[in-house]
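Asks: For reference, the chains in residue letters:
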Amino acid sequence: MAARIHVGAGAATALSTFNSKKLVAPPSRTNLPARSSKRYIVAAAGSDGSKKSLLRVRHSQKLIANAAVATKAETSATTGTGHELLLFEALQEGLEEEMDRDPHVCVMGEDVGHYGGSYKVTKGLADKFGDLRVLDTPICENAFTGMGIGAAMTGLRPVIEGMNMGFLLLAFNQISNNCGMLHYTSGGQFTIPVVIRGPGGVGRQLGAEHSQRLESYFQSIPGIQMVACSTPYNAKGLMKAAIRSENPVILFEHVLLYNLKEKIPDEEYICNLEEAEMVRPGEHITILTYSRMRYHVMQAAKTLVNKGYDPEVIDIRSLKPFDLHTIGNSVKKTHRVLIVEECMRTGGIGASLTAAINENFHDYLDAPVMCLSSQDVPTPYAGTLEEWTVVQPAQIVTAVEQLCQ
Amino acid sequence: MALSRLSLRSNPFLKPSTTSIRRHVSTDTTPITIETAVPFESHLCDAPSRSVVTSSSEILSFFRDMARMRRTEIAADSLYKAKMIRGFCHLYDGQEALAVGMEAAITKKDAIITSYRDHCTFLGRGGELVEAFSELMGRKRGCSNGKGGSMHFYKKDACFYGGHGIVGAQIPLGCGLAFAQKYSKEEFVTFALYGDGAANQGQLFEALNIAALWDLPAILVCENNHYGMGTATWRSAKSPAYFKRGDYVPGLKVDGMDALAVKQACKFAKEHALKNGPIVLEMDTYRYHGHSMSDPGSTYRTRDEVSGVRQVRDPIERVRKLLLSYDIATEKELKDMEKEVRKEVDDAVAQAKESPVPEPSELFTNMYVKDCGVESFGADRKELKVTLT
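Residue numbers (numbering that gives the first Met the number 0), protein chains in the order written: chain A, 0 to 404; chain B, 0 to 388.
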């Protein structure tokens, strides 16, 4: 691996020295062993509307232990000032860096090339890399997903974009049977290093068919990994990690998060695909969330802090497999879990996570795991109805109060 | 010179009587030109010539390879009935000419991808008999470590990409392979095989559109054995001229029971694909067994039809007649060859029967490539749980 990559990890383990009153938002960048005393990350919590947050990362002297990437000890104490960008630009930066680094990386999808991508994630790439590496496909998700997988069997690393994640339902057979299973059924002969990405989630009155949350449909497929990005920092990091991984990775983005603004480091970094991110450490209750709901949770957290609660917020990021290590440590500390997700109630990520927590950490729970999910309805068009479909901060506050009685 | 296939046999004066008469031996590679019996039909392109250049060693290798494939399928049939092979088992006997003819026209760097009827294609790509039988019986020695089964044979080093259970799903994969070949700028092609049943899948047309649009070196080969499981082509396709269904993509219809015609067509297709993009080949072939071992194969066709094809069009018999008429081998030599092949296959079956089943820990291997520290649960949960640091 390149020498100067540092992996941004999620779990902060030494929390006892942390003074929550001083802090606005959590250390979200370093994974530190207990002995270290230096770690400072200041991040303004991003609320749902305004997306401006400021980050300064100071590396500790100790290495970030990480199985994914070999890291070298950082000698410089501070990074540069970093640069500010929007989430879609962060994704584009990650993609461009990987395409520069490895000629096997190519992008295929509808309108990713000349049009620049319907959410501008691939803007400018076609001009830079040409038509053979940034491919405008006709509208045939089944075929071009299959083609991406076939190309991956030979060693190419396609990044397949679904213009909206919901369209990838047409490619379900290819994703489930070929993408997920070929490594296994061929006895390890073929790896499928694809990245399947696209925006999903409930947007602003896009209608039922364009507001799908596919993470629940894909989660059973053996052989794939799923990650959900939520900030420009982890978007770029996860994009890069997903491209470098030899396994098929589905990267879930959210339609409403593309314009989040954040300052990210100048130097190269990637995020661990299987790690959860500690957004705000706390003592009273563990709130597990991902993607857009993170911001609803953080908004609720402000209210909760004012009311005297101390929630620990973890952005699970890795939807398959779950980071049970980070989650477990948190549960062992707080003994109460609330899951806030945008998936539907039935068979969603929260349902699996509830089962996993109950199975593994039952002895540590003081209260039943509570899961707040979207309603089991097709997302209605009317704005008010749509608002009631997803979990709102007020409901989160109520749930925490209920659990912490 | 072009010779009619059966003329020599009938003329007693040309029969070789002593060893002083020149005899084509098995290693002789001097070119012989033979005319195919059935002309090619073409769509949007010029059909290749009916004169196929071959050699005695090649024709002998056809015979041996096809005999081996035939014996393999028959052995698989008995093993299935003896319950040593379970699940689905789709047999290729009758269609062997396709596999050997294709191999004769291409290299091992050209890719082949096919459906679930893949045993003989795997053997044609250089797969070993023991590997094939072990995989069928679910043993560790199998080509996919016993984890794939009959429908999932793969051989990466010979560019054989399987082995796919879902009808038609291999066609976009095949176009993806062709895309990767174009991307790497090497002059190789991909043969994506599918059946007459799969020819009605939407993803075929989607993939064909992309292949034609991007000029991919993809050759789509429809193995038309006239039945999509129990449904005859006239009952499933409005237009059973599968080679014409590419519409804007050129097509060629080939007698799939004639190994030499298949060779000629594949050679032509490879040249075409490298220059002009995709082409559709329709191989008119026939399977003697039913769709799979669960299908007797007699409810939708008469036994007379099957035996009729066996008498008139059998690919191995054709090659046998060729060898005898060109005096490349005698009857006895061919019979001996068949006996050798039979022994080879029986030995492989015996070896495969002895080989061990996969270890229980193999249940969890090859799920993920462990580059990012991903691990799975053990079966009894006492094993290492997911560690992510």
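Because the hints were derived from the structure by calculation, they are not lab data. Take these hints with a grain of salt, some might be off.
[Unchecked claim] Chain A regions said to be covered by chain B (calculated; three or more residues, Cβ under 8 Å): (1) 144-156; (2) 169-179; (3) 254-264; (4) 394-400.
[To be verified] Listed next, with one range per pair, are the computed distances between beta-carbon atoms: (5) A:Glu266 x B:Tyr247: 45 to 53 Å; (6) A:Lys306 x B:Leu212: 55 to 63 Å; (7) B:Gly125 x A:Glu267: 39 to 47 Å; (8) A:Ser117 x B:Gly307: 30 to 38 Å; (9) A:Glu267 x B:Lys107: 55 to 63 Å; (10) A:Leu384 x B:Asp246: 41 to 49 Å; (11) B:Asp346 x A:Asp362: 37 to 45 Å; (12) A:Tyr363 x B:Lys107: 30 to 38 Å; (13) B:Gly86 x A:Ser117: 41 to 49 Å; (14) B:Glu186 x A:Gly129: 14 to 22 Å; (15) A:Tyr363 x B:Gly86: 42 to 50 Å; (16) A:Ser117 x B:Ser183: 25 to 33 Å.
The structure displayed is predicted, hence computed values, not measured ones. For glycine and all other residues, C-beta sits at the position ideal for the given N, C-alpha and C.
Asks: Give a verdict on every hint.
Replies: Outcome of the hint check:
{"no.": "1", "hint": "144-156", "verdict": "holds (count 12)"}
{"no.": "2", "hint": "169-179", "verdict": "holds (count 4)"}
{"no.": "3", "hint": "254-264", "verdict": "violated (count 0)"}
{"no.": "4", "hint": "394-400", "verdict": "violated (count 0)"}
{"no.": "5", "hint": "A:Glu266 x B:Tyr247: 45 to 53 Å", "verdict": "holds (50 Å)"}
{"no.": "6", "hint": "A:Lys306 x B:Leu212: 55 to 63 Å", "verdict": "holds (60 Å)"}
{"no.": "7", "hint": "B:Gly125 x A:Glu267: 39 to 47 Å", "verdict": "holds (43 Å)"}
{"no.": "8", "hint": "A:Ser117 x B:Gly307: 30 to 38 Å", "verdict": "violated (57 Å)"}
{"no.": "9", "hint": "A:Glu267 x B:Lys107: 55 to 63 Å", "verdict": "violated (39 Å)"}
{"no.": "10", "hint": "A:Leu384 x B:Asp246: 41 to 49 Å", "verdict": "holds (46 Å)"}
{"no.": "11", "hint": "B:Asp346 x A:Asp362: 37 to 45 Å", "verdict": "violated (58 Å)"}
{"no.": "12", "hint": "A:Tyr363 x B:Lys107: 30 to 38 Å", "verdict": "violated (57 Å)"}
{"no.": "13", "hint": "B:Gly86 x A:Ser117: 41 to 49 Å", "verdict": "holds (43 Å)"}
{"no.": "14", "hint": "B:Glu186 x A:Gly129: 14 to 22 Å", "verdict": "holds (20 Å)"}
{"no.": "15", "hint": "A:Tyr363 x B:Gly86: 42 to 50 Å", "verdict": "holds (43 Å)"}
{"no.": "16", "hint": "A:Ser117 x B:Ser183: 25 to 33 Å", "verdict": "holds (29 Å)"}
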